[in-house]
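Asker: As you go down the protein sequences, you meet chains A and B in turn. Counting in the working numbering, the first sequence runs from 4 upward without gaps. Counting in the working numbering, the second sequence runs from 21 upward without gaps.
These are computed hints drawn from the structure, not numbers from a lab. Careful: at least some of the hints might be erroneous.
What the hints assert, rightly or not - 30 Å max Cα-Cα, derived DSSO-like pairs, lysine-lysine:
1. A:K259 x B:K339
2. B:K229 x B:K163
3. B:K339 x A:K292
4. A:K292 x B:K362
Unchecked claim - Over 10 Å on every C-beta distance to chain B, these chain A residues come out as not near it, computed from the model:
5. S36
6. S50
7. D134
8. H177
9. E178
10. E180
11. I224
12. R225
13. R263
14. I273
15. S275
16. P281
17. L295
18. L311
Beta carbons: idealized from backbone N, C-alpha and C, even for Gly.
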Amino acid sequence: MKAVGIILAGGSSNKMKELTRKRAAAAMPIAGSYRAIDFALSNMSNSHVPKVAVLTQYNSRSLNEHLNSSKWWDFGRKHGGLYVFTPTITADNSFWFRGTADAIYQNLDFLKKSHEPYVIITSGDAVYKMDYEKVLDYHEEKKADITVVCKTLKEGEDARRFGTVKMDDDMRIHEFEEKPMFAKSNIISTGIYIIRRRLLIDLVEECVEDERYDFVKDILIRYKNLKKIYGYITDEYWSNIATIDSYYKTNMDFLKAEVRNHFFKEYPEIHSKVSDLPPAKYNPGAVVKNSLVASGSIINGTVENSILFKKVFVGNNCVIRNSIILNDVYLGDNTYIENCIVESRGTIRANTRHVGEDGIKVVLEKGERYGM
Amino acid sequence: MRKKEMIAMLLAGGQGSRLGVLTAKVAKPAVSFGGKYRIIDFPLSNCINSGVDTVGVLTQYQPLRLNAHIGIGIPWDLDRNIGGVTVLPPYEKSSNSEWYTGTANAIYQNLEFMESYNPDYVLILSGDHIYKMDYEVMLDFHKEKNADVTIAAMPVPMEEANRFGIVVTDGENRITAFEEKPENPRSNLASMGIYIFRWPVLRDALIKKKDEPACDFGKHVIPYCFEQEKRMYAYEYSGYWKDVGTLGSYWEANMELIDIVPEFNLYEEYWKIYTNGGGLPPQYIAESAVVDRSIICNGAEIYGEVRNSVIGAGVTIGKGTVVRDSIIMQDSQIGESCVVDKAIIAENVKIGDGVTLGIGADIPNKSKPNIYSFGLVTIGENSVIPSNVQIGKNTAISGVTASEDYVGNVLGSGETLIKAGGQA
Numbered sequence: 004m005k006a007v008g009i010i011l012a013g014g015s016s017n018k019m020k021e022l023t024r025k026r027a028a029a030a031m032p033i034a035g036s037y038r039a040i041d042f043a044l045s046n047m048s049n050s051h052v053p054k055v056a057v058l059t060q061y062n063s064r065s066l067n068e069h070l071n072s073s074k075w076w077d078f079g080r081k082h083g084g085l086y087v088f089t090p091t092i093t094a095d096n097s098f099w100f101r102g103t104a105d106a107i108y109q110n111l112d113f114l115k116k117s118h119e120p121y122v123i124i125t126s127g128d129a130v131y132k133m134d135y136e137k138v139l140d141y142h143e144e145k146k147a148d149i150t151v152v153c154k155t156l157k158e159g160e161d162a163r164r165f166g167t168v169k170m171d172d173d174m175r176i177h178e179f180e181e182k183p184m185f186a187k188s189n190i191i192s193t194g195i196y197i198i199r200r201r202l203l204i205d206l207v208e209e210c211v212e213d214e215r216y217d218f219v220k221d222i223l224i225r226y227k228n229l230k231k232i233y234g235y236i237t238d239e240y241w242s243n244i245a246t247i248d249s250y251y252k253t254n255m256d257f258l259k260a261e262v263r264n265h266f267f268k269e270y271p272e273i274h275s276k277v278s279d280l281p282p283a284k285y286n287p288g289a290v291v292k293n294s295l296v297a298s299g300s301i302i303n304g305t306v307e308n309s310i311l312f313k314k315v316f317v318g319n320n321c322v323i324r325n326s327i328i329l330n331d332v333y334l335g336d337n338t339y340i341e342n343c344i345v346e347s348r349g350t351i352r353a354n355t356r357h358v359g360e361d362g363i364k365v366v367l368e369k370g371e372r373y374g375m
Numbered sequence: 021m022r023k024k025e026m027i028a029m030l031l032a033g034g035q036g037s038r039l040g041v042l043t044a045k046v047a048k049p050a051v052s053f054g055g056k057y058r059i060i061d062f063p064l065s066n067c068i069n070s071g072v073d074t075v076g077v078l079t080q081y082q083p084l085r086l087n088a089h090i091g092i093g094i095p096w097d098l099d100r101n102i103g104g105v106t107v108l109p110p111y112e113k114s115s116n117s118e119w120y121t122g123t124a125n126a127i128y129q130n131l132e133f134m135e136s137y138n139p140d141y142v143l144i145l146s147g148d149h150i151y152k153m154d155y156e157v158m159l160d161f162h163k164e165k166n167a168d169v170t171i172a173a174m175p176v177p178m179e180e181a182n183r184f185g186i187v188v189t190d191g192e193n194r195i196t197a198f199e200e201k202p203e204n205p206r207s208n209l210a211s212m213g214i215y216i217f218r219w220p221v222l223r224d225a226l227i228k229k230k231d232e233p234a235c236d237f238g239k240h241v242i243p244y245c246f247e248q249e250k251r252m253y254a255y256e257y258s259g260y261w262k263d264v265g266t267l268g269s270y271w272e273a274n275m276e277l278i279d280i281v282p283e284f285n286l287y288e289e290y291w292k293i294y295t296n297g298g299g300l301p302p303q304y305i306a307e308s309a310v311v312d313r314s315i316i317c318n319g320a321e322i323y324g325e326v327r328n329s330v331i332g333a334g335v336t337i338g339k340g341t342v343v344r345d346s347i348i349m350q351d352s353q354i355g356e357s358c359v360v361d362k363a364i365i366a367e368n369v370k371i372g373d374g375v376t377l378g379i380g381a382d383i384p385n386k387s388k389p390n391i392y393s394f395g396l397v398t399i400g401e402n403s404v405i406p407s408n409v410q411i412g413k414n415t416a417i418s419g420v421t422a423s424e425d426y427v428g429n430v431l432g433s434g435e436t437l438i439k440a441g442g443q444a
């Protein structure tokens, strides 16, 4: 592969409310056994990108813990491998990352010391499977300066939280709007870019010199008439988890056979840190329907249309419906949970009831873990 | 100089022929257990949990699966700069090359490996038991007694004592007699095949007994040390320990994992069992599924009914199928509308639709009644079973079978069907 990778994992999203209090969006648990960043990292590894930088800033403890060894994604290599960069104070810089372009600027040495001709940039909070080599082939074929991977939204999907693009017949992007109030196009940018490494260095340096720090606003949009920016349309599954609703929906998508097959059964696989948990255990009284259950869980109650992450304990006579229970949650006897996301490591006391009445309720409960 | 206080030598070369078709192509230590583990995971995890970070694994019989499983030891944290796991197969020498002819002979052939770590103690283990043991505590006992040899031993029912190596001890746990499979046992304390030797004592015994044909620890080395009046002690162990040497005990040990609070508990935090693979994705339990009293591994998809069973990683159970009291190992696919009763189905088996396993009378197996008993149906890895056949009890099947192999679509109780091949 002729490219190095950059995964932008610095962001927090206010729209994730309580859930990103503990962690960066890229460290959000997904589909029972994964973290959001596993998808970008596995895509990099499966596309044979030899060297990847993860740029983090916001609340990165959980993310760093997840990335403490790079061997799970096959990045424990003699050459290349995984680099995790957080902002540091240097002789000539004492800022946090002031934006995505600034994050790249502050780690420009990573790019300058690489020799691969291209850079693949992606975000750490999107769930998708992609062979970047195909995108790079397209990029070369179009002789593009920048290629933006795009997706056509389905009828009824809200484009307002994305960047929307308009392309000509040759797929060259001539309009690019960031989070428009009124979207003129239903084609959105997925935040996956390919760009020549030298060009990226030049653009980022120019940009920061101008005190501009955002990759989309200050590079893609400002340069769209000057540089050849092309769109590459993907029609495979892609979902961004930047809001509570989209996080909930993305997880629930895995209850559909076609989504599970795409991610779990089709080659190549998504890698993650191995957690050494025993098989899930179904005790008498367990009734499980249309649900995903991760390893280490012990079930004594009813679980329907839900996702149990790793090491969830479901007590006797519990009922869990349409909910996501994150890692290592203990649910005491007789609890009732509906339309909720239960935050990880929580302990729900026996006989508690949580129902998301209008929308999804986030449950943060730190009861004493008794009876264990 | 390199130095490790204690290194472990793990004997993993045996076939385990009493497991029948399960070990036709894999060594017993590599046989799957509890859905996602392999038998060797237990001693390997015990090693790392006990602080033993240097392990030689002696392989001989069908080592491919074992080698692939162990790799460089990453799952057990045994990928080390110095020490870690080393797979030790028999090798050619300038004169008298030979296979490993016995347990002690295998260790003798690897004297140089042990020497290179300059150990004070050597721990001898076998790769075919299910248990959790802190070898460090056993070493403390060994040191405290100033012993030359310590043998882990556990009480067994008196009537079974004649199947084991029996130790007789004094009030101080010092061994006063050692009897290999005695007709009239004088004690019920059975050797578990776990030994700690002072390295010079082991080296001396192995060299002295090197010309013994099929040199074995229980038969030759331990009696030799005893004759030499070495200080030999029994370390009494009373926890869960299971020899899964027969299909019956293998099935039973798996079933015990399902108990509400199992005697052998995989869910304890402080003594984790590590393994390689097992698959990452969560398991999916469909709308049509019923799961009761079972353990199910990652990546399994259940559309049918599963009761009192152990389901391995990546297994699919089709709609309308009922699985009871069975072990289904990783990546096997069971079609729709099947009935599976008391079966052991090895890895990567494909079963068609409308198949019934485990029906009819409990007739002993005609060719190997000692192996295929307990009323079990045993299916070897990579086998294929066509749709709409019925298979009786105490049966064994291996290889790609087709409808014409089943007379009147039935394989009666007590029959054995071994065909060539197997799906990749």
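Asker: Verify the proposed pairing of B:K339 with A:K292, using a straight-line Cα cut of 30 Å.
Answerer: With Cα atoms ~13 Å apart, B:K339 and A:K292 stay inside 30 Å; holds.
Asker: Determine whether the non-interface label on A:R225 survives the test: each CB of chain B must be over 10 Å from its CB.
Answerer: holds (42 Å)
Asker: Would you check whether the claim that A:D134 is not at the interface survives, using Cβ distances to chain B and the 10 Å cut-off?
Answerer: It holds; A:D134 is separated from chain B by about 20 Å at its closest Cβ, greater than 10 Å.
Asker: Is it the case that A:S36 keeps its Cβ farther than 10 Å from each residue Cβ in chain B?
Answerer: violated (5 Å)
Asker: Determine whether the non-interface label on A:R263 survives the test: each CB of chain B must be over 10 Å from its CB.
Answerer: Not fine: 6 Å to the nearest Cβ puts A:R263 too close to chain B.
Asker: Please confirm whether A:I273 is truly not at the interface, meaning its C-beta sits more than 10 Å away from all C-beta atoms of chain B.
Answerer: Contrary to the label, A:I273 does not stay out of reach of chain B, its closest Cβ about 7 Å off (not over 10 Å).
Asker: A cut-off of 10 Å on Cβ-Cβ distance, and A:S50 was said to be off the interface with chain B. Does that hold?
Answerer: holds (19 Å)
Asker: Quickly compare the C-alpha distance for A:K259 and B:K339 to 30 Å and report which way the hint goes.
Answerer: With a Cα-Cα distance of about 16 Å, the restraint between A:K259 and B:K339 holds, given a limit of 30 Å.
Asker: Is it true that the CA of A:K292 sits at most 30 Å from the CA of B:K362?
Answerer: holds (25 Å)
Asker: When you look at the beta carbon of A:E178, is every beta carbon of chain B farther off than 10 Å?
Answerer: holds (39 Å)
Asker: Verify this label for me: A:L295 is non-interface relative to chain B, using a Cβ-Cβ cutoff of 10 Å.
Answerer: violated (4 Å)
Asker: Please verify that the nearest CB of chain B lies beyond 10 Å from A:E180's CB.
Answerer: holds (37 Å)
Against the hints set out earlier in the document, violations occur for numbers 5, 13, 14, 15, 16, 17 and 18.
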